[in-house]
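Going line by line, the protein sequences match chains S and G. 469 is the number that this note's numbering gives to position 469 of the first sequence; each next residue is one higher, with no gaps. 314 is the number that this note's numbering gives to position 314 of the second sequence; each next residue is one higher, with no gaps.
If you are wondering where the hints come from, they were derived from the structure by calculation, not from laboratory data. Backbone N, C-alpha and C fix where the C-beta goes; we use that ideal spot for every residue, glycine too. It is possible that some hints are incorrect.
Some chain S residues well away from chain G (every beta-carbon gap over 10 Å; in silico) [what the hints assert, rightly or not]: (1) 61; (2) 101; (3) 132; (4) 156; (5) 319; (6) 459.
Facing chain S, according to a computed beta carbon distance under 10 Å, are these residues of chain G, among others [claimed, not checked]: (7) 40; (8) 44; (9) 47; (10) 223; (11) 232; (12) 240; (13) 316.
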Amino acid sequence: MSDAPLLEVADLATHFHARAGVVKAVDGVSFTLKRGEVMGLVGESGSGKSITGFSIIGLIDPPGRVEPGSSVKLEGRELVGLPPADLRKIRGKQISMVFQDPMMTLNPMLTIGTQIRLALEAHETVSGAEARRRAVAALAQVRIPDAEAKVDFYPHQFSGGMRQRVAIAIALLHRPKLIICDEPTTALDVSVQAEILSEMKELVAELGTALIWISHDLAVVASLADHVCVMRHGRIVEAGPTLSVLTHPQHPYTQALLDALPSRSEPGKLLAGGVGSDVAPPPRAAKQAAPAVTDAAHYVRIEHVAKRFAQTPGLFRKLAQKAGLSKAPAAVQAVDDVTLVLKRGEALGLVGESGSGKSTLGRVAAGIYAPDSGSVRIDGAPVMSAGEQPHKVTTRVQTIFQDPFASLNPRMTVGDSIAEGPLAHGLVERAQAKAYVRQWLAAVGLNPDFADRYPHQFSGGQRQRVAIARALAMQPDVVVCDEPVASLDVSIQAQIINLLIRLRQELDLTLIFISHDLSVVRHLCDRVAIMYRGRIVESGPAGEIYDHPQHDYTKRLLAAVPVLPGTATT
Amino acid sequence: MLGHVAVRLAQALVVMLVMSVLVFVGVYAIGNPIDVLIGPDVSQELRLQTIAQYGLDRPLWEQYLTFLGRVLHGDFGRSFVFGMPVMDLILSRLPATLELTLAAVCGAALIGIPAGIYAGYRPDGFASKLIMTVSILGFSVPTFWIGLVLIMAFAVELQWLPAGGRGETVSILGVEWSFLTLNGLSHLLLPALNLAFFKLALMTRLARAGTRETMLSDTVKFARAAGLSEWTVLRRHVLRLIAIPLVTVFGLEFGSTLAFAVVTETIFSWPGIGKLIIDSIQSLDRPVMVAYLMLVAFVFITINFLVDLAYVGLDPRLRKGAAR
């Protein structure tokens, strides 16, 4: 019995029957999992890895359907075709699941204790006191300090990592035989991810639970799994022991995935697999004949910048505060006296975890936020006007945002989006705008005929190219990139990184590259500044910071990054 | 919390003050109430005497200040038409409207929310489609027409329920209520149903939209993955997550119905406040209009405040000073 596989998945096919046709999200997946084994399921978005997880626990919503002929056996018992009531008894009790975003999975309206009680009552009858005792024990098990008091907290009172621990505690409540984790650390900071990973490893070993770890991140899977399956287009293209798959990949797709990782190639070089374009960007508009650079060594000067976010009270609220009836809301010091200087043509990586103030600093540098104090100057000229209501006075700095879904207007064609700024600032005539847009689309590796399309007709990577074209069409000298590759798959990420490397050289751009991903920054940037709680704790040449970090925070950050086996050390 | 209440009270005072000025000026611009109060064939002497008696000969600002001074002592003046204190007049009519409105809004919520959740949970079922079709009717058919149809069907043809009036009332704390007697309830049913129809449709559609969205959320998926039954998921998770817009609409609808239930009250000859305000506008009965509209402003601000309190009760993220 002990040698029998815990889970046998054979020919699993999950298809979505839409009006437009059938989408084969999962198309004949087979694998087996022994007791206590940890399996990594790796793939890019749309590979069907999450749908595989949902198919196993029977949570496929119409129009999706697990096709006849599929088989999922838990300890020899066939799960496909079980009535919903029987499946429900298995969910949470024998197989449980943890999701990607702990902000979304826990109900914000209920206390943690209540949510744990609901999960307990799903399979057992428990008294209130007993439920509370077990909830406290469950929280303590996932290393939540002061569990006795935390039971009565609401999800918003926890950090992201703590919330994910709560979700894991709920998944562990009934001592399931199998836990399916769907990208559980993707939404978390690296240091938190490292903690959760090591805790998860211990818990699984301690309880003998089998684990399916679904992820797009090869390094994370490598640090956890005994066994790895690589998925593409609904099929498993390669499976085997983690070490041998990652060091000696057999399938070209696995090889391509590995090659696309910036951590595995030499900094500054184009990444393999990221096919770029070699169409040159359009020349600078004659209107601004390349301004003579006065001080190339101090090209961008960010001096003593501070930014504080506070609510401005209304008239009545002010009166009430005066009368002592209400208190002023707490303010957040996002950026605290930061000074940075960039050379012309330099790429500076701004690294920090969420809440470190890196995005705020980037927005101040780009002239989106006015700093409370301090100044930003490009080539001696201020980015913001002075006065009570400062506004941006230059087009020489532009921004590329993280989310290409949110940053493009869905009701404008991408051509109009790209042309909007240059037209408004007279960089091109209306008659030439079309040709100008086509040149830029070609320069970022898109078909120029796409100019008439709307953003929803593009994939995430294509949209990010459009966003890059839009920023560069303003002919800036400085570009602030705010996590431009954070929401993209590795192979798409490689393409965008290559594009940025090439365009930077061709256009002699100065880059401020904001990211939480240390390997991307290492690859792209000459210099790195580490941000922590609104301050720069360390900065210097990229190689030096990575090899000889001085500040404790930098050391912790670097140690937390999961590393692939056999990574070329640089 | 105390600061919050103080801010709201201050806002209420300002709105009520603005309201009173607007009504004062507005009525002055429309015409002289004296022409409505006395016939055209009255002698000039009597006319002047009446004008002086009501203080209508003095400049408008003086009339307004006098009025304001009296209000500070709790006296809203006497109705030109009824000749009795305005507050007594309004308070004698308000309970009727209050019970009608409460019955309509609560009924709409109690039926509409479960129906909407069901329709959102099983969007493709036959019952759901039926519910949604009926709700479209509720939106598109005018209230007065539904009222007439209800009277035709239940009062004239079937003769199950009375066509109008308030029926027997029971006096509690000096106020007459009709929902405590069977006869009173039978009088209440049709107008409440009539008034509830639109709100029922609104609640149903809101609950359905919220449920459909929430059912796809990770919260629901996670709850299901933990093995919770569908009933528990709906009752404990979904209902809670869709509550905020429902409470908002409940409050808004309650306020607006209370203030403007005129049509239904007229059709069912319900002796409520809606009829009173229409009559007083027609006869330019300024004291009643001013007091009534100030009351409406106050009621709206109170309801909004209660709705805000309900938000805080429902959503812990809105509680200030919660430990982070």
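Hints versus structure:
1. For residue 61 of chain S, the condition that its CB be more than 10 Å from all CB atoms of chain G is violated, with the nearest at approximately 8 Å.
2. The claim that residue 101 of chain S is not at the interface with chain G is violated, since a C-beta of that chain comes within 10 Å of its own (minimum 6 Å).
3. A cut-off of 10 Å between C-beta atoms confirms that residue 132 of chain S is not in contact with chain G; the least separation is 17 Å.
4. Its beta-carbon lying about 5 Å from the closest one in chain G, residue 156 of chain S breaks the requirement of being farther than 10 Å from that chain.
5. Its closest Cβ contact with chain G, about 7 Å, brings residue 319 of chain S to no more than 10 Å, contrary to its assignment away from the interface.
6. Distance to chain G confirms residue 459 of chain S as a non-interface residue, since its nearest Cβ pair spans about 22 Å, more than 10 Å.
7. About 49 Å separates the beta-carbon of residue 40 of chain G from the nearest beta-carbon of chain S, more than 10 Å, and the hint is not met.
8. Annotation: interface hint on residue 44 of chain G violated; nearest CB of chain S at approximately 51 Å, more than 10 Å.
9. Interface hint at residue 47 of chain G: violated, since its Cβ lies 46 Å from the closest Cβ of chain S, which is beyond the 10 Å cut-off.
10. Hint on residue 223 of chain G holds. Least Cβ distance to chain S is approximately 7 Å, under the 10 Å limit.
11. Residue-level restraint check for residue 232 of chain G holds (minimum Cβ-Cβ distance to chain S is 6 Å; threshold 10 Å).
12. Hint on residue 240 of chain G holds. Least Cβ distance to chain S is approximately 4 Å, under the 10 Å limit.
13. A distance limit of 10 Å between C-beta atoms decides the matter here; for residue 316 of chain G the minimum to chain S is near 4 Å, and the interface restraint holds.
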